[in-house]
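Engineer: Sequence:
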Amino acid sequence: MSANNPFARLPEAKSFTVTSTTVTDSAPLPPEQYSGIFGVPGGRDASPQLSWSGAPEGTKSYAVTVYDADAPTGSGFWHWAVADIPATVTDLAEGVGDDTGSGLPEGAFQLPNDARAARYIGAAPPAGHGPHRYFTVVHALDVESIGVPADATPAFLGFTMAGHILGRAVLVPTGENPA
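If you use the working numbering, the sequence shown corresponds to residues 30 to 208, in order.
For the record, the hints were derived by calculation from the structure and aren't laboratory data. Some hints here could point you the wrong way.
[Claimed, not checked] Quick list of simulated restraints, FRET-style, between CB atoms:
1) F188 <-> K43: 14 to 22 Å
2) A122 <-> G71: 18 to 26 Å
3) P101 <-> V201: 27 to 35 Å
Glycine included, each C-beta is placed from N, C-alpha and C at the ideal position.
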């Protein structure tokens with residue numbers, strides 16, 4: 030596993046709490062969070078359930094991202110990005126990151142991931158590549174809308190958010206393809 034920390038060169042942000050009934054920090058992902066689309070047996074491409082609390086004062090919206098820092102691409106792999114989640118929302122149900130995103134709160138939208146699909150794409154690390162870390166992050170922002178187009182990349186979302194992040198809540202489950 031590489032030591033790549035996606036936050037190492039970003040501005041400091043206050044920490045707050047994120048929990049999940051489907052994924053656990055530093056523990057292997059369950060089968061549902063793997064990618065059936067990419068052919069992982071048992072994979073359902075189901076976005077994880079997330080709940081958060083303790084966001085910094087002044088939070089006006091949230092964004093959620095899931096990023097594999099260990100993907101053998103030179104740039105990692107973005108699995109999911111959701112922008113413009115209202116500040117009144119503090120949880121997302123499992124599976125809301127499907128093709129329709131219909132379970133997302135009003136005003137929130139999914140950006141295309143690195144597979145170019147505006148949805149959650151599950152883990153699919155290459156066979157024999159070792160464990161990967163899936164940085165599952167809720168970003169507390171100081172604006173109601175981050176102002177990125179719906180077809181923007183997650184990297185562009187991250188760039189645009191950099192000056193608006195008040196806090197970060199992070200879970201880092203792991204995934205591995207032992208074949």
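Engineer: Check the structure against each numbered hint from earlier and tell me which ones fail, lowest number first.
Structural biologist: 3
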